[in-house]
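Let's have the full structure, built from the sequences with the hints guiding it.
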Amino acid sequence: MVTQVSSSRHAPWEISQESDTLRKAGLKVTLPRVKILGVLAGREREHLTAEEVYQRLQAAGEDLGLATVYRVLTQFQEAQIVLRHHFVGDRAVFELNSGIDHDHVVCVDCGRVDEFKDRTVERRLTDVAAVSGYEALGHSLVVYGRCPECAQSPRSATPLV
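Per my numbering, the sequence shown starts with residue 866, numbered consecutively.
Treat the hints loosely; a few may be bogus.
What the hints assert, rightly or not - Lysine to aspartate or glutamate pairs mimicking EDC-like chemistry, simulated, CA-CA at most 16 Å apart:
id, residue 1, residue 2
1, Lys-893, Glu-916
2, Lys-893, Glu-943
3, Lys-889, Glu-943
4, Lys-982, Glu-1000
Source of the hints: derived by calculation from the structure; they are not laboratory data.
Next comes the structure, spelled out in C-alpha coordinates:
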(Lines of atoms letter the chains of each structure in order from A and count residues from 1; the text may use other names and numbers.)
(Lines give C-alpha, C1' and ligand atoms only; values in the text may rest on other atoms or scores of the structure.)
Protein backbone atom coordinates (compact mmCIF):
# COMPACT_ATOMS: atom_id res chain seq x y z
CA MET A 1 0.00 0.00 0.00
CA VAL A 2 1.30 3.45 -0.92
CA THR A 3 1.01 6.15 1.70
CA GLN A 4 1.20 9.71 0.42
CA VAL A 5 3.37 11.37 3.04
CA SER A 6 3.01 14.86 1.58
CA SER A 7 -0.69 15.04 2.36
CA SER A 8 -0.06 15.03 6.10
CA ARG A 9 0.20 18.54 7.42
CA HIS A 10 1.38 19.37 10.88
CA ALA A 11 0.49 22.39 12.92
CA PRO A 12 3.11 25.12 12.64
CA TRP A 13 5.79 24.92 15.27
CA GLU A 14 5.96 27.41 18.05
CA ILE A 15 9.14 29.38 18.61
CA SER A 16 9.95 27.32 21.70
CA GLN A 17 9.93 24.14 19.59
CA GLU A 18 12.17 25.77 17.00
CA SER A 19 14.55 26.92 19.75
CA ASP A 20 14.62 23.41 21.22
CA THR A 21 15.42 21.95 17.79
CA LEU A 22 18.32 24.37 17.36
CA ARG A 23 19.71 23.69 20.84
CA LYS A 24 19.47 19.91 20.40
CA ALA A 25 21.43 20.26 17.15
CA GLY A 26 24.12 22.22 18.99
CA LEU A 27 23.30 25.52 17.30
CA LYS A 28 22.93 28.86 19.03
CA VAL A 29 19.39 30.22 18.91
CA THR A 30 19.42 33.31 16.70
CA LEU A 31 16.55 35.20 15.13
CA PRO A 32 17.55 34.32 11.53
CA ARG A 33 17.74 30.61 12.40
CA VAL A 34 14.38 30.68 14.19
CA LYS A 35 12.71 32.54 11.29
CA ILE A 36 14.13 30.21 8.62
CA LEU A 37 13.25 27.11 10.63
CA GLY A 38 9.75 28.55 11.02
CA VAL A 39 9.35 28.77 7.23
CA LEU A 40 10.49 25.16 6.81
CA ALA A 41 8.44 23.87 9.74
CA GLY A 42 5.28 25.62 8.63
CA ARG A 43 5.11 23.27 5.66
CA GLU A 44 6.98 20.25 6.91
CA ARG A 45 6.55 18.16 3.78
CA GLU A 46 7.42 20.86 1.31
CA HIS A 47 10.72 21.01 -0.56
CA LEU A 48 11.90 24.60 -0.91
CA THR A 49 14.84 26.24 -2.63
CA ALA A 50 16.84 28.83 -0.71
CA GLU A 51 15.26 31.47 -2.93
CA GLU A 52 11.75 30.26 -2.03
CA VAL A 53 12.60 30.39 1.69
CA TYR A 54 13.91 33.94 1.14
CA GLN A 55 10.75 34.97 -0.77
CA ARG A 56 8.50 33.65 2.01
CA LEU A 57 10.50 35.56 4.61
CA GLN A 58 10.22 38.74 2.53
CA ALA A 59 6.46 38.21 2.09
CA ALA A 60 6.16 37.91 5.88
CA GLY A 61 8.00 41.22 6.31
CA GLU A 62 11.22 39.66 7.60
CA ASP A 63 14.42 41.52 6.78
CA LEU A 64 16.91 38.72 6.10
CA GLY A 65 19.25 38.64 3.12
CA LEU A 66 19.51 35.80 0.64
CA ALA A 67 23.13 35.17 1.68
CA THR A 68 21.93 34.68 5.28
CA VAL A 69 19.33 32.17 4.11
CA TYR A 70 21.98 30.19 2.20
CA ARG A 71 24.37 30.28 5.17
CA VAL A 72 21.72 29.14 7.67
CA LEU A 73 20.45 26.35 5.39
CA THR A 74 24.02 25.07 5.06
CA GLN A 75 24.37 25.14 8.86
CA PHE A 76 21.06 23.28 9.17
CA GLN A 77 22.27 20.67 6.69
CA GLU A 78 25.53 20.17 8.61
CA ALA A 79 23.52 19.82 11.84
CA GLN A 80 21.17 17.34 10.08
CA ILE A 81 18.11 19.53 10.69
CA VAL A 82 17.43 19.66 6.95
CA LEU A 83 18.18 17.43 3.99
CA ARG A 84 19.44 18.90 0.72
CA HIS A 85 18.38 17.28 -2.54
CA HIS A 86 19.38 17.92 -6.13
CA PHE A 87 16.44 16.29 -7.90
CA VAL A 88 16.44 18.54 -10.95
CA GLY A 89 19.67 19.84 -12.46
CA ASP A 90 21.77 21.77 -9.99
CA ARG A 91 18.73 23.26 -8.26
CA ALA A 92 18.98 22.40 -4.55
CA VAL A 93 15.82 21.95 -2.50
CA PHE A 94 15.62 21.57 1.26
CA GLU A 95 13.25 19.62 3.50
CA LEU A 96 13.12 19.16 7.24
CA ASN A 97 14.82 15.95 8.31
CA SER A 98 11.96 13.96 9.82
CA GLY A 99 14.16 10.92 10.42
CA ILE A 100 11.55 8.82 8.60
CA ASP A 101 12.54 6.95 5.43
CA HIS A 102 10.48 8.10 2.49
CA ASP A 103 10.78 8.35 -1.27
CA HIS A 104 10.11 11.08 -3.81
CA VAL A 105 8.27 11.57 -7.09
CA VAL A 106 9.59 14.56 -9.05
CA CYS A 107 7.98 16.32 -12.02
CA VAL A 108 10.50 16.76 -14.84
CA ASP A 109 8.61 19.79 -16.19
CA CYS A 110 7.91 22.01 -13.17
CA GLY A 111 10.10 20.48 -10.44
CA ARG A 112 7.20 19.63 -8.10
CA VAL A 113 8.21 17.09 -5.44
CA ASP A 114 5.83 14.72 -3.68
CA GLU A 115 6.78 12.22 -1.00
CA PHE A 116 5.50 8.69 -0.55
CA LYS A 117 6.15 5.63 1.55
CA ASP A 118 5.39 2.16 0.23
CA ARG A 119 6.01 -0.97 2.34
CA THR A 120 6.19 -3.18 -0.75
CA VAL A 121 8.94 -1.03 -2.24
CA GLU A 122 10.76 -1.02 1.12
CA ARG A 123 10.68 -4.83 1.32
CA ARG A 124 11.75 -5.24 -2.31
CA LEU A 125 14.75 -2.93 -1.88
CA THR A 126 15.79 -4.85 1.23
CA ASP A 127 15.54 -8.09 -0.78
CA VAL A 128 17.60 -6.64 -3.65
CA ALA A 129 20.35 -5.67 -1.20
CA ALA A 130 20.26 -9.11 0.45
CA VAL A 131 20.70 -10.91 -2.90
CA SER A 132 24.02 -9.07 -3.24
CA GLY A 133 24.97 -9.91 0.34
CA TYR A 134 24.22 -6.45 1.71
CA GLU A 135 22.38 -5.53 4.86
CA ALA A 136 20.13 -2.65 3.82
CA LEU A 137 20.55 0.32 6.15
CA GLY A 138 18.62 2.86 4.12
CA HIS A 139 17.87 3.93 0.59
CA SER A 140 17.12 6.85 -1.66
CA LEU A 141 14.50 6.39 -4.37
CA VAL A 142 13.41 9.12 -6.76
CA VAL A 143 10.80 8.52 -9.45
CA TYR A 144 10.78 11.07 -12.28
CA GLY A 145 7.63 11.81 -14.26
CA ARG A 146 5.06 14.48 -15.04
CA CYS A 147 2.74 15.79 -12.32
CA PRO A 148 -1.03 15.89 -12.98
CA GLU A 149 -0.95 19.61 -13.87
CA CYS A 150 1.93 19.28 -16.34
CA ALA A 151 0.45 16.10 -17.83
CA GLN A 152 -2.61 18.18 -18.81
CA SER A 153 -0.55 20.79 -20.66
CA PRO A 154 1.57 20.47 -23.81
CA ARG A 155 4.96 18.87 -23.17
CA SER A 156 7.77 21.17 -22.21
CA ALA A 157 10.37 21.49 -24.95
CA THR A 158 13.14 21.08 -22.38
CA PRO A 159 12.41 18.91 -19.34
CA LEU A 160 14.25 19.96 -16.18
CA VAL A 161 15.91 16.54 -15.85
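Evaluated hints:
About 23 Å separates the Cα atoms of Lys-893 and Glu-916, which puts this hinted pair outside 16 Å; it is violated. Straight-line distance between C-alpha atoms of Lys-893 and Glu-943 comes to about 14 Å, which keeps the hinted pair within the 16 Å bound. Among the hinted pairs, Lys-889 with Glu-943 is consistent with the structure: their alpha-carbon atoms are about 13 Å apart, no more than 16 Å. The suggested pairing of Lys-982 with Glu-1000 is violated, with an alpha-carbon distance near 20 Å, which exceeds 16 Å.
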